[in-house]
Amino acid sequence: MKAKVLLSLILLCGGLAAPTARAGDAASAVSPVPAACELPSYLLTSESQLPKVAEAVKAGRPLDILVIGSRSTTIPSSESSSYPARMEVILKEKLPPSEVVRVSVEIQSKKTAEETASTFVKLMEAKTPTLVIWQTGTVDAIRSIDPDEFRGAVTEGVVALQKAGADVVLMNLQYSPRTETMISAQPFLDNMRVVAQEHDIPLFDRFAIMRQWNDQGQFDLFSPSRGPELAKQVHDCLGRALAQFVIDAAHLEPAQQQN
Amino acid sequence: MTIADQVTGSTIAGTAGATPAGTKSRAAAPAITLPAIGERELRLDLFRGLALWLIFIDHLPTSLLTWFTIRNYGFSDATEIFIFISGYTAAFVYGRAMLESGVVIATARIMRRVWQIYVAHVFLFTIFLAEISYVATRFENPLYTEEMGIMDFLKQPDVTIVQALLLRFRPVNMDVLPLYIVLMLALPVILWSMKWKPDVTLGLSVVLYAVTWEYDLYFSAYPNGFWAFNPLAWQLLFVFGAWCALGGARRMSRILASPVTMWIAIAYLVAAFYVTLTWYVPQLSQFMPKRIEQWMYPIDKTDLDVLRFTHFLALAALTVRFLPRDWPGLKSRWLRPLILCGQHSLEIFCLGVFLAFAGHFVLAEVSGGAAMHALISLSGILIMWGVAWIISWYKRVADKSGAKTKNAVGNADLAGGG
Chain A
426 MKAKVLLSLI LLCGGLAAPT ARAGDAASAV SPVPAACELP SYLLTSESQL
476 PKVAEAVKAG RPLDILVIGS RSTTIPSSES SSYPARMEVI LKEKLPPSEV
526 VRVSVEIQSK KTAEETASTF VKLMEAKTPT LVIWQTGTVD AIRSIDPDEF
576 RGAVTEGVVA LQKAGADVVL MNLQYSPRTE TMISAQPFLD NMRVVAQEHD
626 IPLFDRFAIM RQWNDQGQFD LFSPSRGPEL AKQVHDCLGR ALAQFVIDAA
676 HLEPAQQQN
Chain B
31 MTIADQVTGS TIAGTAGATP AGTKSRAAAP AITLPAIGER ELRLDLFRGL
81 ALWLIFIDHL PTSLLTWFTI RNYGFSDATE IFIFISGYTA AFVYGRAMLE
131 SGVVIATARI MRRVWQIYVA HVFLFTIFLA EISYVATRFE NPLYTEEMGI
181 MDFLKQPDVT IVQALLLRFR PVNMDVLPLY IVLMLALPVI LWSMKWKPDV
231 TLGLSVVLYA VTWEYDLYFS AYPNGFWAFN PLAWQLLFVF GAWCALGGAR
281 RMSRILASPV TMWIAIAYLV AAFYVTLTWY VPQLSQFMPK RIEQWMYPID
331 KTDLDVLRFT HFLALAALTV RFLPRDWPGL KSRWLRPLIL CGQHSLEIFC
381 LGVFLAFAGH FVLAEVSGGA AMHALISLSG ILIMWGVAWI ISWYKRVADK
431 SGAKTKNAVG NADLAGGG
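Chains as they are written, first to last, in this note's numbering: chain A, 426 to 684; chain B, 31 to 448.
Just chain B, with the same shape it has in the complex:
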């Protein structure tokens, strides 16, 4: 059994019981240190689960529930949380694999994971095609003749579908997986470099981010434009997550514990909240100095604006400070649904995108009332929870029966994301 499998052992936290800080045996590595074996960071699962729920709600048309998503209270949104935690967990699992079994094996395992994500993306694209074809043939409101131009791509499926397989044609709401695929493809190099010198790797990542901004580098998309999430910029968050997982977080603990950091973070979050408030209460914008507006806007999501990145950092700093790793609430029944979803992120992410499509469809075909809207959001979340529960259950059963024969394949699930 490899160490990665022991991490798997406690996948069902709460039932298996995460080993407390007693076993602080660390892998002796030259430059990077890994957290104690067997400890599953429930906070990561919790927030990834939360990010998945928020992404689902953000993908539905605006409703009352939308007001609970964090993008309305600051610059960053669930995507940042998601990519950061994905970087963290991927580095945690595959970093260990790299130390244990070497670069080649770890790379092979990462590629296997990339393949899974790719297949998931293609699956979602098929569902999208089904939806758009349906709308194209059924919906002929003269108010929207112009918007129906979106269906033009159906006229040349030969090009479009090939471009979709090449990840260059990505319909709305299908941008996260391609980003994740590219980041995971780069993971072997990132880990290999982290093994050598983590700080230099992070530095290189910052340089790539800066160069991307300076020279306006991008990934082109089909039919025109570019990727909605520029991997060259978003890698910063992913690499930062990896850096934190491989010992960076521990080294930063003193900075994170300082009250100065806390107050800076609070001040920044309040300021960001005020700015976002001006978007929703336009009357407030008269109190925004024009000069600040001109400097600040647009806050670019494609290239992960610095304002967004720092907003995420401030959020993370406060979270780490006020939600300790051993907070008993993490084991409570009320947070189980979130943690379960976070533990099977690829499956639940895809399900969320699918449910958002389906939700749109129901809203359009059945009724668009507020009650229906609430019902769809709620049942979507319940379905996500239920499926996450079934997956855990299945894993537990399969692990039990296969434990003797099955060799260590590693826990792609912990490395999840998606």
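Chain A extracted, bound-state conformation:
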């Protein structure tokens, strides 16, 4: 028994020591980002990989990214400031100039994961993206869909996207402190994590990221302001984080910057 306790302690210490070392390396590698966007590196890394993205970039083929989302994918009346558009700009900056990056957005507003997933076969016939970023969960949480059904729907969707030959990144809900007492996000966050683990695909933890910003005081997400400024800044940071996340998961960093 003692041995077991000891073993877990050793693992624990190892686990705590390793990431700090990694964080140090990563910090020096990223290009300057606005202070408001700063995040601990573990929120931007994933163990799962994006082999098709890596392959496409290596072969010099264009990188087609499809963002499937809902109303929180965009900012009303300022499309070009939304996170997919910001991600596109940052990716173009970071990847070699010869690389063609095209980002398209498919908004399925007020649709649950199940309803959205049912459109994937047709959608993927029409577009043949290298990478699909599927942002989902909010509508399901609002309607308090059975979390098991939700997990089934996300699994189905992910499988359909993979079958169509794309890499997949899952993106979870926004952190929304105002509605925290009204929307129960946790089961949906948990189930998305499970699906990502089961299918070995990267999960972009939008919820944890936004909560980090709010907790650290980088953004005041309680703000009732009606203007689009806050939304623009948050989306800018999300776009940057997402670009970094994709680059990291596909191991696209230039050789000298790698660990």
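Take the hints with a grain of salt, since some may be wrong.
Stated by the list, open to error - For lysine-lysine, the following BS3-like pairs were computed, each having C-alpha atoms within a straight-line distance of at most 30 Å: (1) A:588 <-> B:320; (2) A:657 <-> A:517; (3) A:535 <-> A:588; (4) A:483 <-> A:536; (5) A:535 <-> B:185; (6) A:477 <-> B:320; (7) A:536 <-> B:185; (8) A:519 <-> A:535; (9) A:547 <-> A:517; (10) A:547 <-> A:588.
No lab work stands behind these hints: they were computed from the structure. From a predicted model like this one, the values you see are computed outputs, not experimental measurements.
Starting from the known structure of chain A, fit chain B onto it as the hints suggest.
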């Protein structure tokens, strides 16, 4: 005066002084034995009070204090403690009533209690409606247009409010009372069956739990989905609490005292702690074998996952072992606030839910800083303590003046929960 009233007599433990183990007169019952009369289990009050505080803190947005709640250190959380103790105390009080005055009277008293809990639930729902309506009209941050979809239900109050009265529409954080109402509704049957054969009753409860898992039984909710706490699964904890109260705990005492049990419990808690650690320190998850992860996740709260149940058992086993019934600390002034809150659990629970709503509101409207957060948590707990104190004080005064005229209505308070 009935025996239940004598239990009431020592409600104010410490002042009234719980009768020590001297009076070990037990009700002579065929199958179940009740603990000695007049002894109020202060440990139950203590941990129920603790559960109430933790539930309050868990309902507030995450802050530093959240790290003191047990859900961060293992699978189970305050809800388990709460339901178990509610089962225990309900069986203790109404089980005695059933032996003393018969099934009909006991059932009537239980129904009276169910009504109180129902009214409390409706009251909380009204407060929720007020809050959500306020936010719906005042908050228009373009970042969150999608999340505002939650307000859609306000468009059809005719359906929503009726569904809420039927306990089918339950907003976030309002799931515990409906669960408790259903469990209390089943209590007459549980007690009646316990009176006959406690072990068979517990066995039936386990069977219902297993069947629920096997066939995926659930209570449907409005507009869709199901109850966040499935009563068909959570009844296991409630019935187990009742079983312990009616003599099961005594019969298990040898198992609980064994060092083997202790080490198994410790090992399990350590393992659970390690697993929870991987949620908060994601870097650690690389040390979790994928196969174990796939077997273990998701750890289902709705259906009271076996991992959660066993985690609670391990916690309870260690608590019973290291915190004896006659531990002098239970009478200390420092634990009084917790014990007081635990003794008026329905009122304090409702107050806690309300304070959590109010706390959210202050955080949103005034400021969301860490200092404000700490202040809200702290003042919430102080308010809970203060109100619990006032209720005890009032009860004492009312009991004194009404003792001569008032007949035995029983002590719903001890049976509390809520």
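Distance restraint between residue 547 (chain A) and residue 517 (chain A), which requires alpha-carbon spacing of 30 Å or less: Holds, at about 28 Å.
Hinted pair residue 547 (chain A) and residue 588 (chain A), Cα distance within 30 Å: Holds, at roughly 12 Å.
Restraint check for residue 588 (chain A) with residue 320 (chain B), where alpha carbons must lie at most 30 Å apart: With Cα atoms ~23 Å apart, residue 588 (chain A) and residue 320 (chain B) stay inside 30 Å; holds.
Hint consistency between residue 477 (chain A) and residue 320 (chain B) [alpha-carbon to alpha-carbon, up to 30 Å]: holds, 23 Å
30 Å limit on alpha-carbon distance, applied to hinted pair residue 535 (chain A) and residue 185 (chain B): Roughly 16 Å separates the two Cα atoms, so the pair holds.
Satisfaction of hint between residue 536 (chain A) and residue 483 (chain A), Cα-Cα up to 30 Å: violated, 36 Å
Given hint residue 185 (chain B) paired with residue 536 (chain A) - CA-CA distance at most 30 Å: Holds, at about 19 Å.
Pair hint outcome, residue 535 (chain A) versus residue 588 (chain A) [Cα-Cα no greater than 30 Å]: Status holds; Cα separation ~25 Å.
Pair hint residue 657 (chain A) and residue 517 (chain A), alpha-carbon separation not exceeding 30 Å: It holds: about 19 Å lies between the C-alpha atoms, which stays within 30 Å.
Given hint residue 535 (chain A) paired with residue 519 (chain A) - CA-CA distance at most 30 Å: At roughly 34 Å apart (the allowed maximum being 30 Å), residue 535 (chain A) and residue 519 (chain A) break the hint.
In this structure, the hints that do not hold are numbers 4, 8, in rising order.
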